Amino acid sequence: MNKRAFLNLLSVEYRRYGPHARRSIIFLGVVFAVLVATENATHNGLAFLLGALGGSLFMMVPVTVLKDKTSGTMDFLVSLPATASALVCARFAAAILFAAAGAVLVAAAAGLGLPPLLGSAEPARVAGLAFLVTWVSTSALACAAIALLIRFNVNALVTHGPLIVFATVFAAVYVYDRLFGSPLNAIRAVMASERAPLVVVAISVLGTPGSWRLHSCWHAVQSRTTGPNPIPSTGEVVDGHRKARRRQRLWPSL
Amino acid sequence: MTTTTLSVRLSGFGVRYPQFHLEPIDLEFRAGERVALVGANGAGKSTTLKAIAGRLHDYDGRVEIAGREVRAQVPKIRARIGFLPEQLLGFKWMTVAEHLGFLSAFFPTWDDDYAHELLARVALPSGSKLGTLSKGMAVKLSFVAAEAHRPPLLILDEPTSAIDPLMRGELLGVIDECVPRGGDRLVLFSSHILEDVERIADRVIMMRRGRLLGDMTTRELQERDLGSPLSQILYDALGSDE
Chain A
42 MNKRAFLNLL SVEYRRYGPH ARRSIIFLGV VFAVLVATEN ATHNGLAFLL GALGGSLFMM
102 VPVTVLKDKT SGTMDFLVSL PATASALVCA RFAAAILFAA AGAVLVAAAA GLGLPPLLGS
162 AEPARVAGLA FLVTWVSTSA LACAAIALLI RFNVNALVTH GPLIVFATVF AAVYVYDRLF
222 GSPLNAIRAV MASERAPLVV VAISVLGTPG SWRLHSCWHA VQSRTTGPNP IPSTGEVVDG
282 HRKARRRQRL WPSL
Chain B
50 MTTTTLSVRL SGFGVRYPQF HLEPIDLEFR AGERVALVGA NGAGKSTTLK AIAGRLHDYD
110 GRVEIAGREV RAQVPKIRAR IGFLPEQLLG FKWMTVAEHL GFLSAFFPTW DDDYAHELLA
170 RVALPSGSKL GTLSKGMAVK LSFVAAEAHR PPLLILDEPT SAIDPLMRGE LLGVIDECVP
230 RGGDRLVLFS SHILEDVERI ADRVIMMRRG RLLGDMTTRE LQERDLGSPL SQILYDALGS
290 DE
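Protein sequence lines, in the order shown, are assigned to chains A and B.
Mapped onto my numbering, the consecutive letters of the first sequence carry residue numbers 42 to 295.
Mapped onto my numbering, the consecutive letters of the second sequence carry residue numbers 50 to 291.
FYI, nobody ran anything at the bench for these hints, they're computed from the structure.
Careful, some of the hints might be misleading.
As the list claims (entries may be wrong) - List time: in silico DMTMM-like cross-link candidates among lysine to aspartate or glutamate, alpha-carbon distance up to 20 Å: (1) K184(B) - D162(B); (2) K110(A) - D213(B); (3) K44(A) - E147(B); (4) K178(B) - E135(B); (5) K184(B) - D116(A); (6) K178(B) - D218(A).
Because the structure is a prediction, the values reported are computed rather than measured.
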């Protein structure tokens with residue numbers, strides 16, 4: 042496959058990631074700016090945020106695969122004269138581009154006067170673990186959110202899923218901090234122990250089925266709310282429900 | 050694959066799905082032919098075309114283009130085939146122009162001027178988003194995307210099945226103009242609209258419920274039943290042992 046075709050794929054992936062990535066980057070930038078303003082910023086805090094940002098953006102890779110499957114664009118992509126490796130490569134490259142751009146922006150928000158992040162080994166390890174923790178926790182929390190959605194049929198969660206996941210992550214961090222002290226200290230303690238590689242591997246192994254579980258839950262919810270394939274996009278689902286509610290108000294007998 | 054040696058050969062080609070069986074068939078197509086696969090829904094037309102287009106890998110037997118098994122050449126072979134699927138494939142948020150621009154990079158022989166000429170010919174606005182196109186416009190766009198790189202093998206899967214008669218006539222006219230009879234390209238298309246077959250094809254493959262019923266040129270068909278229109282002959286042939 043030629044370079045132009047790969048760049049076209051990359052550009053499409055970049056445009057598809059755009060809205061989620063912008064929200065994530067702005068949100069984490071604001072969080073760190075607040076930490077700097079309140080003089081709570083540390084190297085490890087910045088590392089944790091950058092790792093979390095990377096983890097949340099990488100969540101978009103499998104989520105995009107799911108979206109492709111449900112919207113029919115998977116058929117389109119695999120029908121192109123392009124190898125599967127090129128498709129996968131473009132998708133991960135887009136996630137990396139956003140994660141890198143986000144890292145620069147968050148670091149800028151944190152203040153340019155900070156010493157280089159990777160100058161010390163410890164923040165890099167914290168960032169790596171934060172990446173994995175975010176990946177796993179967003180999977181788990183999103184599964185929980187989707188379970189609530191199924192139980193109570195709260196369709197608003199479909200559109201505000203990422204926001205709710207972020208809010209839940211930070212609420213969890215806050216609660217942990219109140220109950221047991223800084224989660225960063227806990228992470229540091231884990232990473233300093235001899236069992237650190239085992240923990241990282243365990244999180245990676247658990248994270249993969251967790252992510253796929255999230256996808257199947259999401260698929261189940263969309264099927265439940267919109268019927269069998271073709272499953273419309275999230276916006277279409279919500280529009281459909283708004284229309285149904287409006288119709289119900291106007292003609293309650295229907 | 051070159052245009053001068055283009056040939057498509059199916060040897061013992063068949064599929065076995067839980068709810069659909071296509072019995073092994075042997076067929077050969079050559080450059081210059083315009084071949085229609087006709088039959089009711091579930092006959093096996095689309096399955097056959099998808100296998101030739103390199104979009105179906107799970108089958109028995111062999112499907113060869115220019116003497117080489119299609120499965121062994123995927124995805125490279127797809128760059129030399131124009132394929133119009135039953136449903137428009139693409140990103141709904143893209144405009145027509147963006148969609149064609151995206152595709153152009155994947156096909157080495159893509160001709161931008163020709164693509165714009167085709168768009169004008171089918172009167173398709175390049176600024177419309179894919180998600181807003183009507184069924185007829187989506188089919189027209191699929192045709193432009195399939196034809197813009199002048200592929201030696203053009204495959205049209207039910208191009209006219211769900212569009213109104215006016216658009217059907219318009220689209221068939223464009224197909225007729227773009228791929229003249231007896232040229233160096235091969236056109237394979239499926240349809241259950243027999244009038245379309247009469248207008249476009251010079252060879253007809255008749256299929257029913259996963260079986261090959263017949264393979265004849267339109268001239269042979271007409272000579273067999275003088276005086277009747279081709280669509281009537283096909284209707285009689287396809288429905289003869291119902």
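Checked hints:
no.: 1; hint: K184(B) - D162(B); verdict: violated, 25 Å
no.: 2; hint: K110(A) - D213(B); verdict: violated, 30 Å
no.: 3; hint: K44(A) - E147(B); verdict: holds, 18 Å
no.: 4; hint: K178(B) - E135(B); verdict: holds, 19 Å
no.: 5; hint: K184(B) - D116(A); verdict: holds, 18 Å
no.: 6; hint: K178(B) - D218(A); verdict: violated, 49 Å
Hint compliance for this structure: hints 1, 2 and 6 are broken, all remaining hints hold.
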